[in-house]
Amino acid sequence: AAWRAARRLGSQRHLTVTSGPGFTSLWLAPRLFSFAAEHPDIELRLSASLKVMDFDRDEIDVAIRYGRSSLEGLRAQSLGAEWATPMVAPSLADKLRSPEDLRDMVLLVDEVTERVDDAMSWQSWYAAAELGVPDQPVASFNTPDLAVGAAIAGAGVLMGRVSLTEAALRDGRLVMPFDLTLSARSAYRIVCPEMTSKLPHIHAFVEWCKAEYAQLQTFSAGRRFVSAEDVVGA
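At position 72 of the sequence shown the residue is numbered 72 (our numbering), and the sequence of numbers has no breaks.
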């Protein structure tokens, strides 16, 4: 353990980051070119996994995890607010004049999102919209990237998380037909050991992530947010 700790403190060219498969493929990996351009001297390695990591044993420098539990001995910084709202391909948007029109659509379910934070579920959104309980066909996916891909293809309506759909929203592959939006209970946090948090290469990556995530705020304009506590029956 002492040898690994000493090596980490002495090497600032290599940076190993772990985050969930969905977040890695849909948010982190597509924008890494900008970090590489700003820091060509840092060699970055990604580990897409949801398993609990040990920073020393697994030789991880930074972890990005979704949650709100306490993390003793670690420095954890929130990247920013997370929220979800119905999202569809533009070809289906004209069929959604009001929330009631959702009853004629297939609902796409990201099982990972509903498992980690049921505040961002179809049941919660229907309750907030006073639509009762969803009773139409549902297509479920065990990874977020599959769910987002199905929505882009026009297979149905996704309860989309802004962090995982940002690219599709920016280029118009997905649109948000309604302003009603569910605030998440938790948030993405960027985590590292206290003893390494001030190392230049780790500090640079953390600050870059925070600046990149802040760009998601542009999608919050004009939205009507509700929390799980505001939703009767959520």
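Don't take each hint at face value.
Pair by pair, the computed Cβ-Cβ distance ranges are [unchecked claim]:
{"hint": "1", "residue 1": "S69", "residue 2": "A204", "range": "21 to 31 angstroms"}
{"hint": "2", "residue 1": "R170", "residue 2": "Q77", "range": "21 to 31 angstroms"}
{"hint": "3", "residue 1": "E194", "residue 2": "R115", "range": "42 to 52 angstroms"}
{"hint": "4", "residue 1": "S91", "residue 2": "D41", "range": "43 to 53 angstroms"}
{"hint": "5", "residue 1": "A204", "residue 2": "V106", "range": "38 to 48 angstroms"}
{"hint": "6", "residue 1": "D101", "residue 2": "G172", "range": "30 to 40 angstroms"}
{"hint": "7", "residue 1": "A76", "residue 2": "F225", "range": "29 to 39 angstroms"}
{"hint": "8", "residue 1": "R170", "residue 2": "A204", "range": "34 to 44 angstroms"}
{"hint": "9", "residue 1": "R97", "residue 2": "D58", "range": "29 to 39 angstroms"}
What the hints contain is simulated information worked out from the structure, not anything from laboratory work. Don't be surprised by glycine CBs; every beta carbon is placed ideally from N, CA and C.
Hints, one by one, checked against the model:
1. S69 / A204: 21 to 31 angstroms: The hint (21 to 31 angstroms, Cβ to Cβ) holds, given that S69 and A204 are roughly 27 angstroms apart.
2. R170 / Q77: 21 to 31 angstroms: 25 angstroms, holds
3. E194 / R115: 42 to 52 angstroms: 30 angstroms, violated
4. S91 / D41: 43 to 53 angstroms: 45 angstroms, holds
5. A204 / V106: 38 to 48 angstroms: Given range 38 to 48 angstroms: holds, Cβ gap about 43 angstroms.
6. D101 / G172: 30 to 40 angstroms: About 21 angstroms separates the Cβ atoms of D101 and G172, which means 30 to 40 angstroms is violated.
7. A76 / F225: 29 to 39 angstroms: 24 angstroms, violated
8. R170 / A204: 34 to 44 angstroms: 25 angstroms Cβ-Cβ, so the 34 to 44 angstroms window is violated.
9. R97 / D58: 29 to 39 angstroms: Violated, at about 50 angstroms.
The structure shown violates the earlier hints numbered 3, 6, 7, 8, 9.
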